[in-house]
Amino acid sequence: MKKMLKACWNAFPGVKGKLGLVILLFFTVIALFGTWVAPYPKNFIGFDSWLPPSVSHWLGTDSYGQDVLSQMIYGTRTSFWVGILAGLITTVIGVTVGIVAGFKGGWIEESLMRIVDLFLIIPTLALMIILASFLPSMGTMSTILIIGSLSWLYMGRSIRSQTMSERQSGYVEAARMVGMKDWEIMFKEILPNITPVILANLVLVTTQAVLAEAGLSFLGLGDPTNVSWGTILALANANNAVLFHAWWWILPPGLAIAFFCFGFILIGNGILEKYRANRGNAAL
Amino acid sequence: MKWGSRKTSVMLFSALVVLVGVLNGCSNSSSSSQSGTNGQTDTASSSKPASKGDTVVYHLGETVNPEQVTNFNPFLATGNWSPFFDYVFDPLYYFNPVKGELVPRLADSEGSWSEDNKTYTVKLNMEAKWQDGTPLTIDDVLYSFNTLKDYKVLDRYQLWGEGRLQEVTAQGSDTVVFKLSNTFPSLPFYLTTVYIVPKHQFEKEDPSQFLNKQPIGTGPFKFKSINESAIVLDKNADYFLGAPNIDQLFVDRFNNSSTLTLALEKGDVQGSTGTVAMPSVPKLLENPVNKLQVYPGLNTFSVIMNNEKPGLKDSAVRRAIQLAIDRKSLIEKGESNGVFPANPGFLSSVFSDMADTGLIDNAAFAYNVNEATKLLESDGYKKNSKGIYEKDGKKLSFTYHMAANAPAQNKEGAMITEWLKNIGVETTVKLVTWPELTKLLMSGDYELLQNGLQTPPDPQAQLEIFHSKMTAPTGENTPGLNYMRFRDPEVDQWLDQASSADAATRKELYQKVQARISEQAPVAVMYNVGGHIPYRTDQFTNYNEDLPVTSALSLMQVKKK
Amino acid sequence: MSDLLQVRHLSIEYASPRGIVKAVDDVTFSIGKGEIFGLAGESGCGKSTTAFGISRLLRHPAQISGGSVVLDGQELTTLSNDEFDKLRWSKISIVLQSAMNNLNPVLKISNQLIDAILAHDPSMGKEARQRAEQLMKLVDLPVDRLDSYPHELSGGMRQRVVIAMALALRPSLVIMDEPTTALDVVVQNGIIRKIVELQKEFGFSILFITHDLPLMLEMCGRIGIMYAGKLVEVASREQILQKPRHPYTQGLLNSFPSLSGPKQRLSGIPGHTPDLIRPPAGCRFCPRCSQAIQECQTLPPPLVEDAGGQIACHLYSEEGIAREQASAACERS
Amino acid sequence: MRYNSVYLVKRIGIALVTLYVAVTLNFLLPRLMKGDPASALASEKALGSQEVANALKAQFGLDNPSLWYQYAKYIKQLLHGNLGVSYANFPSPVADVMLKALPWTLGTVLTATLLSYLIGWLIGIRGAWKPGSLFDNSTLFSSFFLSSVPFFWIAIIFIMIFSFYLGWFPLGQAVDPAYDSFAWFDKAKSVLYHAFLPVFTLIIATLAGHILVLRNNLMRVLSEDYMLLAKAKGLRASRRKYMYGARNALLPSFTGLMTSLGHVIGGAITTEIVFSYPGVGMVTFNAILNHDFPLIQGSFLCIAISVIVCNLIADLVYPLIDPRVALN
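Residue numbers (our numbering), protein chains in the order written: chain A, 1 to 284; chain B, 1001 to 1561; chain C, 2001 to 2333; chain D, 3001 to 3328.
Here chain A stands alone, though its shape is the one from the complex (with noise of 0.2 Å):
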């Protein structure tokens, strides 16, 4: 166990990746533990509005009543599993795109690319908010889905590019000498060395995905009987806190996506760090 913790502790390097661990731990912990940490039910609306923070309520409550201490701990919840599930599934597409695109090169990369340059034209959230009114029910699953299939964008273009500065390299000749398939060639011989760098981007993206979300949310189009720290900042907006003078409601939204993010782009840095000190090329 112990020899695994030091392997997990040294795969972040640099004081900037272990700093980002430990925010990343701390997020997930309260994401995991969530619900016996939260001192009261999820969406309970049982105490009086506006109360500011208290001993009872470490965050005071909001319009309707909830403790927005707990409110936040649920929203841990959705956002954590927003942020890492459309993560993933955007490295998934970014990844297979750029790497196809880079490699094959041709009328292929030239036909993603193009794709790639329409879609950054448009807006991404407005194309979100279309999809969003397209499947038929909001719940998370589908911010998911429509988050994860619309932000792959840089990505793909971040790696694509790495992957052609890849393909000269002498492995890859020699690869292909030996008779191994062109998918073969990609995905057991490119990726593993372009791993930090997709590393770093899945971080990146990840940070996007969250943001994203808290967009739906506070544009209204997230899933209204789950909490997330976009649905918070959505209804403080709408009810006005502002007007009520109640930062306890308006700041801990923001600043806990601003810290989770920071957390995940700490990581980024630091992988890019150690990978640019023994590649020497910028490749975010």
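Hints were generated in silico from the structure; no laboratory data involved. Yeah, the Cβ is synthetic: ideal placement off N, Cα and C, and Gly gets one too. Relax, there's no trap hidden among the hints.
Which residues of chain D face chain A? A few of them, derived with a C-beta cut under 8 Å, are:
1. Ser3147
2. Ile3156
3. Ile3159
4. His3263
5. Gly3266
6. Phe3285
We have chain A; now place chains B, C and D onto it with these hints.
Same frame as chain A, but now just chains B, C and D:
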């Protein structure tokens, strides 16, 4: 004053180019022109460059989207902001929702029915003049009504529908005669929905496409100009019911209610016609200067149930659902007391004389969880392992549709679904856009759907929602608002009698209809949405509380303190 | 000839995560006016670091940790950055290795020539352009090329531009760090001949750095051999050719095939360069030296100055010479 | 600076093709949405009378269900510059609504993007020039933090602090209500005064990304030989930093400048809602919620066209700053 859209956009680009240059110098320029007024209660609205002389300006705040100011044509239902017409134009009568009665505007006095109740004559107040100086003529009135006959699209309330208006003629130069093909006692209410337009301006245009960017009305305020932040109206000095005291009426445009509420709190705006984020109302009222006028309305929010769907067929289940909803906390928590308790018999308390107010706070329909569960069990439902009621294999599990992008609505939906779970009724929430909600209601492709049912200002029309002629089997689009697929031959019979009966018998028939509705509970009512008008009393007084305080007739009398 | 540049006990260190790397350790040599002095050695032996140390172009985390550099009688290591900047390019200029990106890709050749001149004499104005044209003629490049961009020139032409640039202010010392390594042999020959020609014409001295010993022998009057941060031998070209004294110099010479003469098997030098963080106690070449003797393991060889130049090897220190004769004797018998 | 004609033609060609694909996609996207608004509108407004519904459908051109017919009609209208009539706000022409809304969004978004790039670069340069210095570390960590904060959250915070508590800036809107009666100069000032906070929010929200990108690029450029040569030439620090360092470092992030426009406009949607700013964001959002096909198409098209045009401008300006491109 040319409507400055093209000029403004050109100006904007040059201005924003200047922005790049002046941005760093901005801090001093902004402080010089803007005396740093801070939050809470402050006196005059922030001192913009001094307006000419001491013109008295009343700022009214409103959520008006850019697409809502593309036309000022009273005939059109879309692309315009309807309260605008109340300020600039005049209908024959004005329906006062506070008292639930008709106030004569262009009409001189109350109209009179013929013996066979099939013709209604209205004498006009010929003092009225168009804002461009030309006097009002009987032809203007005839033109305004005949246009609805010629252009089917514009007759939203089907004044010329079958069994209603047959002909509108002039009698002399100051009296209008409405000939009906059948008895239609609510005609006066319907006359309030038609604004009289200047024939000499409209006849040159196609009324169903005319954008009327330079509106000319007879109303108390004249249109002056419009920009991205406000619609500017000047007072109509020679308005025939007396000139308004204020010189200018600014309708400040916001695109969300939060910013509007902040402006109200800060004093930039003196009042609003009602779209304020309800939960912030209590905070507004903490400031003694702010008042909130509340009156019942024509929109009853309820959980609409498709009475043909399995489970929802039995009235016991529907009654149980009605009892499971804690209407009091919906009103307090959800809408912060900005709305009225709804009538389980559905008729709004706006029609105070007709509505059976006894039903509203009748304990039989109040929030009562064990009564609801008792009802379900007595009807043969038993709780299954997961705590959901079931009868011969069919569990009470329904889809619950709600409107997207309505945080307050969604919050209340979450509360209701929680309460339904407490009485063993399972729901899966589905969020859809507004037009889709209507489509689902019409086609019946829903089980539970939370939405408002809005009707014209006519008790008959409001109760006819439950008439079988207004519905169609699930799968077909309903002709009327009976989305619930509710059929009750007796209710049909009572309503048909009432449509041509005199006032007394109509009241009695309506009582019976309301009793039956509350018993059958085709819908589970939530609350009645009427007016909730916040207004400040620190700079202006003399609001007329018997009318909506920010309506035209009240704003006329408002004076600067 | 009087000395232009005296380097005394120069040491340069890098702070690396694993400890202090002594890249240059107690190097002493001098370059006369108008002399072409070569500095050779395997890559990583500290020759470029020495050059950058002298011209104060070291990049973080490297810094000079001791010793003195005197140019024209002026001590450089104690100068402030601003004073040193005045010397840059007017007294010391540099020619770098890679032809690919030693010129700013987004600026015209003329701008890059002129801005060096203007940096030191802002009032030049119009004549700066004429100076640039003269410089182009100097290195046999067509003058209209002044207005083209670096990527529009070939590798050789780019290197000629850099050389012209280095001579813009008639510096007294030009440091050339592997100027021709990136070029093919034919172009290299042209560049070398141009450098020698220009050196004769203007009389500036050159510190020529390369790992290509034959090229150095052809071009430089005196040559210094560096190994693992230490200057092991300095001698004239003829001395190095006929009788290289230090075993490492001999090894170096043996690992280059001579074009003329019999074909022999090349004998490289076994082993690899020592770890500069914890250098071996005695002579750093000892582990790879075939003629290593007892003292080599323990005692760092002192730098001995004598007629043949400088040598840092126990074989040539006093005790060493005695034992040498003894072993030479028994060897002969 | 003579352009290489092949490069020019290729760039414009790509722009046109992308535009055509955008137009077609733009036509299909709203159609994918379930629920056809005309019948919904008809029922909502005409209380269910069937002839009214048909009349509305005819006016909206939905009476002929075949997609090809609608597509041909759509393209024909487009060529006449007529973006059709909005359903939800019938009969207002879409072009009219867009023409009023687009300048506001483009004005703020373009200004914010340019300023944010400029400021991001300056900070990035100063940070990369002295890596590891206090300035570098502080900007690095704060940009990590800032790059992960939602647009609208910053907007709400700014309104709370600057407008509500300090009263320095208005609570929202684009111009002063009494705008029409102002003199020319007051009008400009009113526009700037109201635009300051939204632009400032967009700048802060996008600043972090640019700092990081440029800092990485400059770190790479600093290790190049020509930088060493520039130092050896004794050039002034400012010239080395900007003419040699920044000029090369900004090249890769310059193309990023315009492609990120789509992303910024997306972010602007939420900011405009919070600031009650009459831009395209709000119009698009309402259009989507009301299933208003023509307005959705109109707003997407305007956004697509403005982004494509900006990209084309970027492609044309790029050879001016990177000579290597124009000649290949």
